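Enquirer: Starting from the given sequences, assemble the full structure and let the hints guide the process.
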Amino acid sequence: MTMDVTKVVASFVFIGTVGLVIFLPKVSQYFLQKYRLRNFKGPRGLPILGNVLQFGRDSVEFTKFIRLNAVTFRENGSFLVYFGLYPVVVVYNAVDMEKILRNIKHDGKGYFYKTCVSPWLGNGLLLSEGSKWATRRKLLTPSFHFSILKKFLTVFNEQAQCLTEKISQLADKSSVNFPPLISLCSLDIMSETIMGLRLAAQEGGSSEYVEAVHRMSTIIVERARKPWCWNNFIFCRTQLGKAHEKYLRILHNTTKQGRNPSQSE
41 MTMDVTKVVA SFVFIGTVGL VIFLPKVSQY FLQKYRLRNF KGPRGLPILG
91 NVLQFGRDSV EFTKFIRLNA VTFRENGSFL VYFGLYPVVV VYNAVDMEKI
141 LRNIKHDGKG YFYKTCVSPW LGNGLLLSEG SKWATRRKLL TPSFHFSILK
191 KFLTVFNEQA QCLTEKISQL ADKSSVNFPP LISLCSLDIM SETIMGLRLA
241 AQEGGSSEYV EAVHRMSTII VERARKPWCW NNFIFCRTQL GKAHEKYLRI
291 LHNTTKQGRN PSQSE
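For the sequence shown, the working numbering assigns the number 41 to the initial residue and increments by one for each residue that follows.
No wet-lab data here; the hints were simulated from the structure. All figures in this text were calculated on a predicted structure; none of them were measured in a lab. Built from N, CA and C at the ideal position, the CB exists for glycine as well. Just to be clear, a hint being listed does not mean it is correct.
To be verified - Simulated restraints, written as ranges between beta carbons of each label pair:
#, residue 1, residue 2, range
1, Leu72, Ala211, 53 to 61 Å
2, Thr175, Pro87, 41 to 49 Å
3, Val216, Phe80, 34 to 42 Å
4, Phe80, His292, 33 to 41 Å
5, Pro87, Asp212, 50 to 58 Å
6, His254, Gln297, 16 to 24 Å
Expert: So this is what it looks like as structure tokens:
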């Protein structure tokens with residue numbers, strides 16, 4: 041009996057020690073960052089949990105939360121919100137944005153981008169930083185020369201014409217939701233000009249890929265508002281994580297197909 045109690049106590053001590061080793065650095069970093077950001081105003085949150093409980097049940101309510109605080113702290117030009125232990129400063133003042141964007145010191149992407157976005161988009165121009173970003177940006181600049189873009193005018197015009205026809209069919213409706221229509225048009229243009237892959241998304245083609253793009257975008261937003269899902273070990277074991285793997289596989293397979301047209305023949 042004494043031996044069993046000793047084992048239980050030893051197990052609790054071991055689990056507690058492991059917990060401290062894992063979480064103590066994060067908690068100490070949390071309080072350090074909280075001190076450094078003490079001059080930023082923002083909605084009141086709870087210790088450790090931050091503002092998570094105010095984010096709402098879905099991405100729509102989360103967007104409303106961000107917009108509400110943007111209005112509340114309009115005079116400040118920014119506000120501080122906590123995703124659990126992770127502080128995020130939302131900046132929407134042009135003067136402050138200019139200071140950030142003009143300084144290469146601040147071009148590093150945050151933990152959220154590296155954890156939640158990089159599995160889909162990799163470490164390319166959007167997520168790279170420092171000299172790696174500068175080199176890739178320099179290589180990409182000639183691609184936007186007018187003489188090169190001129191070659192894609194046919195694609196631009198075709199997809200723009202398709203979009204115009206879609207909109208004209210909705211002329212009799214009292215209201216039209218334009219963003220999804222424009223997103224499909226943009227997707228068609230980008231896939232054909234960048235990957236050499238004709239999706240025909242506006243015409244209802246490649247429905248699997250189009251759905252994967254939309255679902256992946258939603259999953260990233262959902263993951264953003266659930267800080268416990270920022271941990272890959274936990275995230276991969278949730279329904280959201282399993283859906284992420286499913287749609288990620290579709291997106292990457294389609295991209296590979298665009299790079300190797302012979303595979304799709």
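Enquirer: If a hint holds in the structure, say so; if it doesn't, say that too.
Expert: Going down the list of hints, with the structure as the test:
1. Distance hint check: the CB atoms of Leu72 and Ala211 are about 57 Å apart, consistent with the given range 53 to 61 Å.
2. For Thr175 paired with Pro87, a C-beta distance near 43 Å keeps the hint of 41 to 49 Å intact.
3. The beta-carbon spacing between Val216 and Phe80, approximately 39 Å, falls within the hinted interval of 34 to 42 Å.
4. In this structure the hint that Phe80 and His292 lie 33 to 41 Å apart at CB holds, the actual value being about 38 Å.
5. For the pair Pro87 and Asp212, the supplied restraint of 50 to 58 Å holds, since their beta-carbon distance comes to about 55 Å.
6. Here the CB-CB span from His254 to Gln297 is close to 19 Å, well matched to the stated 16 to 24 Å.
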